[in-house]
Amino acid sequence: MDELGTFTDTAVLVLLSLAGGDKHGYAMIEDIEEVTGKRLGPGTLYGALARLEDYALIEALPTNNRRKPYRITPDGRAALQRYLHHLRNLSNTGLARLEDKA
Amino acid sequence: MKWLALWIVRFYPQWWRQRYETEMLALVDDLSLRPADLLDLLFGMWDVHINLTPSHKEDVMFNNRYTFTGITLLLLAVAILVALFVPFISEDQSELLLFAAPMLSLLAARALHTRWRDTAPRAAQRLVGAAYILLGVLVALFVYGSITALVFESAMPPLIGLVWLLATVGFVTWTIAAARLSLQTDALHSALCGVGFLVAAAYVGMLFLLFVNPGSLVSNAVVTLFVIINLAWLLGLAQTALTHPTHLNPSS
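Those protein sequences? They're chains A and C, same order as listed. When you line the first sequence up against our numbering, it's residues 641 to 742, in that order. When you line the second sequence up against our numbering, it's residues 280 to 531, in that order.
Please keep in mind that the hints were generated in silico from the structure rather than gathered at the bench. There could be a bad hint or two in this list.
As the list claims (entries may be wrong) - Derived DSS-like pairs (lysine-lysine); straight-line CA-CA distance at most 30 Å: (1) Lys-678/A x Lys-281/C; (2) Lys-741/A x Lys-708/A; (3) Lys-708/A x Lys-281/C.
What the hints assert, rightly or not - Beyond 10 Å from chain A on every Cβ pair, some chain C residues (computed): (4) Trp-286; (5) Trp-295; (6) Gln-297; (7) Thr-301.
Said to hold, decoys possible - Label-pair distances were calculated between CB atoms; the ranges are: (8) His-726/A x Trp-282/C: 38 to 48 Å; (9) Leu-285/C x Arg-722/A: 37 to 47 Å; (10) Asp-308/C x Lys-678/A: 18 to 28 Å; (11) Leu-738/A x Leu-285/C: 44 to 54 Å; (12) Gln-297/C x Thr-733/A: 45 to 55 Å; (13) Leu-321/C x Glu-670/A: 14 to 24 Å; (14) Leu-285/C x Ala-696/A: 23 to 33 Å; (15) Phe-290/C x Arg-679/A: 19 to 29 Å; (16) Arg-737/A x Gln-297/C: 44 to 54 Å; (17) Glu-300/C x Asp-740/A: 49 to 59 Å; (18) Ala-718/A x Leu-283/C: 15 to 25 Å; (19) Ala-315/C x Asp-694/A: 18 to 28 Å.
The beta-carbon is built from N, C-alpha and C at its ideal position, and this holds for glycine as well.
Given these sequences and hints, build the entire structure.
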């Protein structure tokens with residue numbers, strides 16, 4: 641997901657949120673705030689949504705009362721999985737090194 | 280606060296608004312807006328203008344030659360009005376041409392670009408790309424030069440040095456950036472959007488300065504605002520260069 645540039649963190653949060661089910665913008669902001677304690681602004685969220693949609697990692701569903709829900713695509717799921725595995729390896733390596741030094 | 284958010288959303292690019300505006304406004308309705316959200320919307324607008332391009336989507340904004348021509352003509356009319364009332368270099372009104380030329384060039388190059396966009400051979404596209412660079416430089420020279428000349432006459436002494444510095448740095452930076460943008464037409468579109476903002480801001484500033492007492496608190500506030508816009512533009516360019524180097528890389 642390097643191609644997402646500075647929006648990688650936000651993009652991951654959006655993918656993470658959508659991995660739990662289809663959501664529209666407001667539901668995503670609430671879900672992300674609940675999980676991470678971080679409240680995304682509307683500009684940041686839509687910057688990430690546009691990029692994720694461009695890379696076909698998410699897709700828009702039919703509009704429901706002005707609100708457009710989004711769904712994570714199989715590619716998005718795979719990208720998120722790769723990223724989280726990478727994060728887990730990083731975390732394991734870091735923890736192991738810290739324990740070695742202790 | 281909501282009306283301010285709705286107002287900011289109106290400044291997102293046309294192609295963006297066609298795709299995302301309805302749902303974004305619904306989100307703004309749902310949120311308990313905080314001041315930070317307004318800033319976030321502003322930065323989001325900047326990000327979309329600079330970093331996102333509609334090339335992969337329907338190229339609404341720049342394929343619509345009527346909209347583009349209308350905007351350019353409007354700018355031209357404002358330029359002529361300003362030129363009539365502000366003989367900023369001398370009293371000679373033939374300097375009207377100085378105001379009008381960049382806008383006319385923009386119009387001409389845009390017409391060329393629209394006509395040749397899909398059919399022109401690579402060499403011709405390079406020519407159009409070069410014309411865009413020249414235009415960027417001309418517009419930047421026009422904006423920075425006229426504002427600096429005008430402000431030099433009216434700003435309070437402590438601001439003059441800063442404005443001159445900003446004008447010089449801004450012009451040089453834009454020139455370098457324009458040269459590096461080269462044939463990245465999408466990036467050029469974004470860059471022209473950015474310059475468009477500057478032009479608009481410059482005109483607003485100039486009109487304000489026309490009608491307020493030179494050297495007053497208000498005119499200095501306008502100058503300060505212009506300096507902030509300058510800084511934001513420069514920071515935006517730097518941010519683009521750092522985070523999306525391919526946008527500034529002619530060979531990519």
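To see whether the hints hold, each was checked on the structure:
1. Proposed proximity of Lys-678/A and Lys-281/C is supported: the alpha carbons are some 22 Å apart, at most 30 Å.
2. Annotation: proposed proximity of Lys-741/A to Lys-708/A is violated, straight-line Cα distance about 50 Å (limit 30 Å).
3. Only pairs whose Cα atoms come within 30 Å are accepted, and Lys-708/A paired with Lys-281/C is accepted, the gap being roughly 20 Å.
4. Every CB of chain A lies more than 10 Å from the CB of Trp-286/C, the least distance being 14 Å, so the non-interface label holds.
5. Remark: the non-interface label on Trp-295/C conflicts with the geometry, its nearest Cβ contact in chain A lying 8 Å away (cut-off 10 Å).
6. With a minimum CB-CB distance of about 12 Å to chain A, Gln-297/C clears the 10 Å threshold, and the non-interface call stands.
7. Chain A draws Thr-301/C into its interface by the beta-carbon criterion, the shortest separation being 5 Å against a cut-off of 10 Å.
8. Hint check: His-726/A to Trp-282/C, Cβ distance near 44 Å, so the stated range 38 to 48 Å holds.
9. Checked against the given bound of 37 to 47 Å, the beta carbons of Leu-285/C and Arg-722/A, roughly 39 Å apart, stay inside it.
10. The hint said 18 to 28 Å for the Cβ distance between Asp-308/C and Lys-678/A, and at roughly 22 Å that hint holds.
11. For the pair Leu-738/A and Leu-285/C, the supplied restraint of 44 to 54 Å holds, since their beta-carbon distance comes to about 50 Å.
12. Look at Gln-297/C against Thr-733/A: about 46 Å separates their beta carbons, and that is inside 45 to 55 Å.
13. Checking the proposed 14 to 24 Å range against Leu-321/C and Glu-670/A shows it holds: the Cβ atoms sit about 23 Å from each other.
14. For Leu-285/C and Ala-696/A, the hinted distance range of 23 to 33 Å is satisfied, since their beta carbons lie about 30 Å from each other.
15. Our hint of 19 to 29 Å for Phe-290/C and Arg-679/A holds, since their Cβ atoms are close to 23 Å apart.
16. Checked against the hint of 44 to 54 Å, the pair Arg-737/A and Gln-297/C passes, with Cβ atoms roughly 51 Å apart.
17. Remark: the range hint 49 to 59 Å for Glu-300/C to Asp-740/A is upheld by a beta-carbon distance near 54 Å.
18. Taking the beta carbon of each, Ala-718/A and Leu-283/C are about 40 Å apart, not inside 15 to 25 Å as hinted.
19. Taking the beta carbon of each, Ala-315/C and Asp-694/A are about 26 Å apart, inside 18 to 28 Å as hinted.
Of the numbered hints given earlier, the model fails hints 2, 5, 7, 18; all others are met.
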